[in-house]
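**Student:** So you can see what is in the structure, the chains are spelled out below.
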Amino acid sequence: MELLRTICQIPAPSGHEAPLTEFVLRYVEEHQAGWTTQPTILAGEEFQDCIILIFGAPRTAVFAHLDNIGFTVRYNRQLVRIGGPVAETGYRLVGRDSQGNIECTLVVDEQTGALSYDFHRDIDRGTELTFYCDFRETDTTVQSCYLDNRLGVWNALRLCETLEHGAVVFSCWEEHGGGSVAYLAKHLYETYGVRQALISDITWVTEGVRPGKGVAISLRDSLIPRRSYVERIRRIAEAAGVPHQLEVEGSGGSDAKELQHGAQPWDWCFIGAPEDNVHSPDEIVDKRDITSMLALYQVLLREL
Amino acid sequence: MELLRTICQIPAPSGHEAPLTEFVLRYVEEHQAGWTTQPTILAGEEFQDCIILIFGAPRTAVFAHLDNIGFTVRYNRQLVRIGGPVAETGYRLVGRDSQGNIECTLVVDEQTGALSYDFHRDIDRGTELTFYCDFRETDTTVQSCYLDNRLGVWNALRLCETLEHGAVVFSCWEEHGGGSVAYLAKHLYETYGVRQALISDITWVTEGVRPGKGVAISLRDSLIPRRSYVERIRRIAEAAGVPHQLEVEGSGGSDAKELQHGAQPWDWCFIGAPEDNVHSPDEIVDKRDITSMLALYQVLLREL
Amino acid sequence: MELLRTICQIPAPSGHEAPLTEFVLRYVEEHQAGWTTQPTILAGEEFQDCIILIFGAPRTAVFAHLDNIGFTVRYNRQLVRIGGPVAETGYRLVGRDSQGNIECTLVVDEQTGALSYDFHRDIDRGTELTFYCDFRETDTTVQSCYLDNRLGVWNALRLCETLEHGAVVFSCWEEHGGGSVAYLAKHLYETYGVRQALISDITWVTEGVRPGKGVAISLRDSLIPRRSYVERIRRIAEAAGVPHQLEVEGSGGSDAKELQHGAQPWDWCFIGAPEDNVHSPDEIVDKRDITSMLALYQVLLREL
Numbered sequence: 001m002e003l004l005r006t007i008c009q010i011p012a013p014s015g016h017e018a019p020l021t022e023f024v025l026r027y028v029e030e031h032q033a034g035w036t037t038q039p040t041i042l043a044g045e046e047f048q049d050c051i052i053l054i055f056g057a058p059r060t061a062v063f064a065h066l067d068n069i070g071f072t073v074r075y076n077r078q079l080v081r082i083g084g085p086v087a088e089t090g091y092r093l094v095g096r097d098s099q100g101n102i103e104c105t106l107v108v109d110e111q112t113g114a115l116s117y118d119f120h121r122d123i124d125r126g127t128e129l130t131f132y133c134d135f136r137e138t139d140t141t142v143q144s145c146y147l148d149n150r151l152g153v154w155n156a157l158r159l160c161e162t163l164e165h166g167a168v169v170f171s172c173w174e175e176h177g178g179g180s181v182a183y184l185a186k187h188l189y190e191t192y193g194v195r196q197a198l199i200s201d202i203t204w205v206t207e208g209v210r211p212g213k214g215v216a217i218s219l220r221d222s223l224i225p226r227r228s229y230v231e232r233i234r235r236i237a238e239a240a241g242v243p244h245q246l247e248v249e250g251s252g253g254s255d256a257k258e259l260q261h262g263a264q265p266w267d268w269c270f271i272g273a274p275e276d277n278v279h280s281p282d283e284i285v286d287k288r289d290i291t292s293m294l295a296l297y298q299v300l301l302r303e304l
Numbered sequence: 001m002e003l004l005r006t007i008c009q010i011p012a013p014s015g016h017e018a019p020l021t022e023f024v025l026r027y028v029e030e031h032q033a034g035w036t037t038q039p040t041i042l043a044g045e046e047f048q049d050c051i052i053l054i055f056g057a058p059r060t061a062v063f064a065h066l067d068n069i070g071f072t073v074r075y076n077r078q079l080v081r082i083g084g085p086v087a088e089t090g091y092r093l094v095g096r097d098s099q100g101n102i103e104c105t106l107v108v109d110e111q112t113g114a115l116s117y118d119f120h121r122d123i124d125r126g127t128e129l130t131f132y133c134d135f136r137e138t139d140t141t142v143q144s145c146y147l148d149n150r151l152g153v154w155n156a157l158r159l160c161e162t163l164e165h166g167a168v169v170f171s172c173w174e175e176h177g178g179g180s181v182a183y184l185a186k187h188l189y190e191t192y193g194v195r196q197a198l199i200s201d202i203t204w205v206t207e208g209v210r211p212g213k214g215v216a217i218s219l220r221d222s223l224i225p226r227r228s229y230v231e232r233i234r235r236i237a238e239a240a241g242v243p244h245q246l247e248v249e250g251s252g253g254s255d256a257k258e259l260q261h262g263a264q265p266w267d268w269c270f271i272g273a274p275e276d277n278v279h280s281p282d283e284i285v286d287k288r289d290i291t292s293m294l295a296l297y298q299v300l301l302r303e304l
Numbered sequence: 001m002e003l004l005r006t007i008c009q010i011p012a013p014s015g016h017e018a019p020l021t022e023f024v025l026r027y028v029e030e031h032q033a034g035w036t037t038q039p040t041i042l043a044g045e046e047f048q049d050c051i052i053l054i055f056g057a058p059r060t061a062v063f064a065h066l067d068n069i070g071f072t073v074r075y076n077r078q079l080v081r082i083g084g085p086v087a088e089t090g091y092r093l094v095g096r097d098s099q100g101n102i103e104c105t106l107v108v109d110e111q112t113g114a115l116s117y118d119f120h121r122d123i124d125r126g127t128e129l130t131f132y133c134d135f136r137e138t139d140t141t142v143q144s145c146y147l148d149n150r151l152g153v154w155n156a157l158r159l160c161e162t163l164e165h166g167a168v169v170f171s172c173w174e175e176h177g178g179g180s181v182a183y184l185a186k187h188l189y190e191t192y193g194v195r196q197a198l199i200s201d202i203t204w205v206t207e208g209v210r211p212g213k214g215v216a217i218s219l220r221d222s223l224i225p226r227r228s229y230v231e232r233i234r235r236i237a238e239a240a241g242v243p244h245q246l247e248v249e250g251s252g253g254s255d256a257k258e259l260q261h262g263a264q265p266w267d268w269c270f271i272g273a274p275e276d277n278v279h280s281p282d283e284i285v286d287k288r289d290i291t292s293m294l295a296l297y298q299v300l301l302r303e304l
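Residue numbers (the working numbering), protein chains in the order written: chain H, 1 to 304; chain F, 1 to 304; chain G, 1 to 304.
Looking at chain H on its own, in the form it has when it is part of the complex:
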C-alpha cells in the first residue's frame, strides 16, 4: 500500500491536478518496463492535465479521476467548497500560497454553516486548501482522506501491470462538475473505436452494500446505464467467482455522467470498493474490497 499512501499525500484539488499528473507520468515511465504490455502514453496540452494509456488493441476504457475535494480561500477568511467535502470545525487543512506553506484549521459557523479558516495570518485569495493526510493502515483496512479516488487511481495503476488490451484514463474535475471526460471519450471513440467504459471510483457503504462483502457493481446511481451492458458484467463477475455486491442508488454520480451525455454511444458501469466516512478526512475501506476490485477489473478487461 506504499503507492496508495504516496498518492493520498499529493494534493490535487479539482482544477489543480498537475502535481498528481506529474507523479503518475513519472510512475508509468519508471514501472512500465516490468508490465506485461508497454502502453502508448497520451498526455500534454491537448489533454490538459489528463493522461490516457493505450494497451494493445483496446475494447474497454477504465476511467479513474485524479482530482480530490477541498476548499478555496475567498475574502475575509471565508472558504468556498471544491466539490462536496464534509466540513467539521477542527479539521486540519493544508496548502501553500505566496508566503509559504499553510497548516490551518477549518471553522464551521454553527448558526449559518459558513466556512472559514483559523490561521495566524491571512491566506492569499484563491489558494486551495485540502485535508491534511493522516494515512492509517491495519491488517484489514486502509483509512485516509481522498481514498476517493486515490484508490481508483491505485486500482488503475495496478491493473496496468498485467493489462494486454485496454485503455486506462486519468481524468480531471470529476469532483467539481466534470470537464475532461467529454474530450477524452471523444478521442478514445474516434481514434480507437472504444465505447465500453468501467468507472474505477469509490462508492458508499449503505444498508445494502457492506464493507468486506466485495467490490460494488452499481446497477444505477443518479443515472441509469444500459441494462444489457451491466448484465454482461454481472455474468462475467459471477462466472469468475469474484466477490461482489450489487448497488442500487437514486443519487450520486461519477465520470459516467459525461460519458452518458457525450456525443458517442458509450456503455458504462461504475465498479468500485465501498467506503465509510465519505468525503471526510477519515475515509475507510476494507482491504478485501480492494482486492476484489482489482481482481474484477483484471477479469473484465480480458473478457468484455
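It is possible that some hints are incorrect.
[Said to hold, decoys possible] Here are the simulated DSSO-like pairs of lysine-lysine, each with C-alpha atoms no more than 27 Å apart in a straight line:
| hint | chain 1 | residue 1 | chain 2 | residue 2 |
| --- | --- | --- | --- | --- |
| 1 | G | K186 | G | K287 |
| 2 | F | K186 | G | K186 |
| 3 | G | K186 | H | K186 |
| 4 | F | K186 | H | K186 |
| 5 | H | K213 | H | K287 |
| 6 | F | K287 | F | K186 |
[As the list claims (entries may be wrong)] One side only, chain G facing chain F, incomplete, derived with CB under 10 Å:
| hint | residue |
| --- | --- |
| 7 | V28 |
| 8 | D49 |
| 9 | Y75 |
| 10 | G126 |
| 11 | A182 |
| 12 | H187 |
| 13 | Q196 |
| 14 | G212 |
| 15 | Y229 |
Worth flagging that the hints you see were computed from the coordinates, not collected in a lab.
The beta-carbon is built from N, C-alpha and C at its ideal position, and this holds for glycine as well.
Here the structure of chain H is known, so what remains is to put chains F and G in place on it, guided by the hints.
**Tutor:** Below, chains F and G without anything else, positioned relative to chain H:
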C-alpha cells in the same frame, strides 16, 4: 389505436428500452413496403437501443423517445424512481426477475414519502417495475400509462406512412436525464446536414392548453428555442389550418435539451398533444389532439 | 459611450438575439476598414444568430454573449422569466406583438411572488418583454439595464480595433441555459486549433470586488478553471500593470460552462468589470473598470 395499445403494453423503462426497440424494428420491417418511401434503417450497437429512419433527402428530424418512467428495486423492499412518476399507494406495478413475473403494489410512506412495494416475496435488487397497463379507449379519448411517450412514437410511425423526405428518430433515456440524443444529433448533422428538429412528445393540459383544442406548439419550456424557427412553424400551421394551441411554460424539458446543448446548431420545436394525469397510470389524451398532431407533422415535414 | 448606449437599447432576449446580431454585423462592416486587421466574418444559418470574427492567426478566443434577460408572456397576464431578472412591481417593460408596440408595467404578487403585467390590453402569448432602457452616464459611471452583457459586447468590439491575432465570438442563450458555445467552440478548435478562451462578461460587486478597483479576474465561480492557465493570466496582468482584482466565488456561471463541459480541452478565464444592481434595470459600472477591462484584453490577446 391497436398499434398504440400494443406499444403501451411493452415496458421500456429508461436504460432498458430494448424490448420496444425490437418491436419498432419489426414493425418497420413488416410495414415499410406499404409506405410511400422506404427508409434507410440505422440501428445496432453503434446506436445502442436507438433507431434512425432516413427517408429521401431529409431536411427535418422528428425525435420520439422510446423510454418510460418507472421504479428500480433497491434494498429492503425500497424503490427508487426512474424519471418522475407520480406515486400513490395502491398503484399496480409489474416486472420480471430471476424468480419470474411480478405483479405487486406500490406503497408510499405517508410520513416520509419513501417508496416501497407490497409483494409476497422479495424482488431481485435492480429489477425495474413499471405501471400495469390498463388501456382504455372511448369515442373521444385514449387513456393509459405511458401515453407519454407511446403517443409520440405512434405519431412518428404513422408519419412514416406518407413521408417522402425526413428523418425519424427513436431515442432512449429521455425520462431520466437523457443520453442518446447527443450522438444521434451529431450523426444526423454530420451525415445528412440536418439541423431542424421537431420533438414528437406529449405535454400537459394547463389553464392555457385545453384538451380537444388541438396539438400544442410549445413556444418555450425550461429552455427557449430560436424565435425565428418557431415563427416559421407557426406560420405553416396557420396557413394549413391545422387546429393548434400555443404553449408557454417556464419548466419542463424534452429531448430538445440535448439538441440545444449539443455541438451542432440545431433549431428545435416541441409539438405534441396535451395530456391530463401526467406521469400517472391514468394519462388521458383527447383523440382530436392526436389527429391534429399527426396532421401538423405531415404538413411540417413537407414544408419546413 | 454612444456605441454602448445604442446596443443597450436593442432588445435581444435569449432565443431572439437576431436584432442585435444584425446590428453587430452592420457595425463590423462599417468600421472594419479602420481596424488594424480586417477579420474573416463567420455568420449565417450554420451559426444561428451567433457571429465569429477571425483576426490573423488566432491563439485565443474572446466570448461575449449577445442575449439579455427578460420575461415571456404566458396566459392570463402571467409572465415567465427569461434568465434570472430581478422583479419589482413598477419596473417598466417593453415589447412588440401583433397589435403593435407595448410599454407596460411589471407586477409581483406579494404573497406568491407570481409575475404579471399591467397593460390596457392582453398581450399575445409568447411575446418577449424586456426592461425599458434608461441609459444614464456620469463622469465616473454608466448605468442602464443590460450592461450585462452589452458592456462585454462593447469591450469585444473595441478590442477589434487593434486586434492582430485572435477570435472574437458573439454567442447566444447565455442567460438562459446556454446553447451556442458548444458548436462555436468546436468550430474554433477544429478549424483554427484555438483552445484558450477569455469570457468578456460582467460580474458582481461584492465585499471582495469593489467598484473602481479594476477589472475582475475570476479565479473561480460555480466552476473552477485550470489553475495553470489562470496563473499565466495573473502574471501577464501584473507585469502589464493593468489595475485588476481577483475574484473568488462559489456560484455564478458564464459561457465558460459550455467550454468546460464541451468535447475540446479549452482553458478559460472570466475577466470582466464588476457591476452593482445586477440583473435589474439599474445596473451600474465604474468607468475605470471598463477602461482596465479593455486594456487587459488588449494585453492578453497579444501575450497569451
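**Student:** Could you run down the list of hints and mark each one as holding or not?
**Tutor:** Hints versus structure:
no. : hint            : in the structure
1   : K186/G x K287/G : violated (35 Å)
2   : K186/F x K186/G : holds (12 Å)
3   : K186/G x K186/H : holds (12 Å)
4   : K186/F x K186/H : holds (12 Å)
5   : K213/H x K287/H : holds (10 Å)
6   : K287/F x K186/F : violated (35 Å)
7   : V28             : violated (20 Å)
8   : D49             : holds (7 Å)
9   : Y75             : holds (3 Å)
10  : G126            : holds (4 Å)
11  : A182            : holds (4 Å)
12  : H187            : holds (9 Å)
13  : Q196            : violated (19 Å)
14  : G212            : violated (36 Å)
15  : Y229            : violated (22 Å)
When held up to the earlier numbered hints, the structure conflicts with 1, 6, 7, 13, 14 and 15 and fits the remainder.
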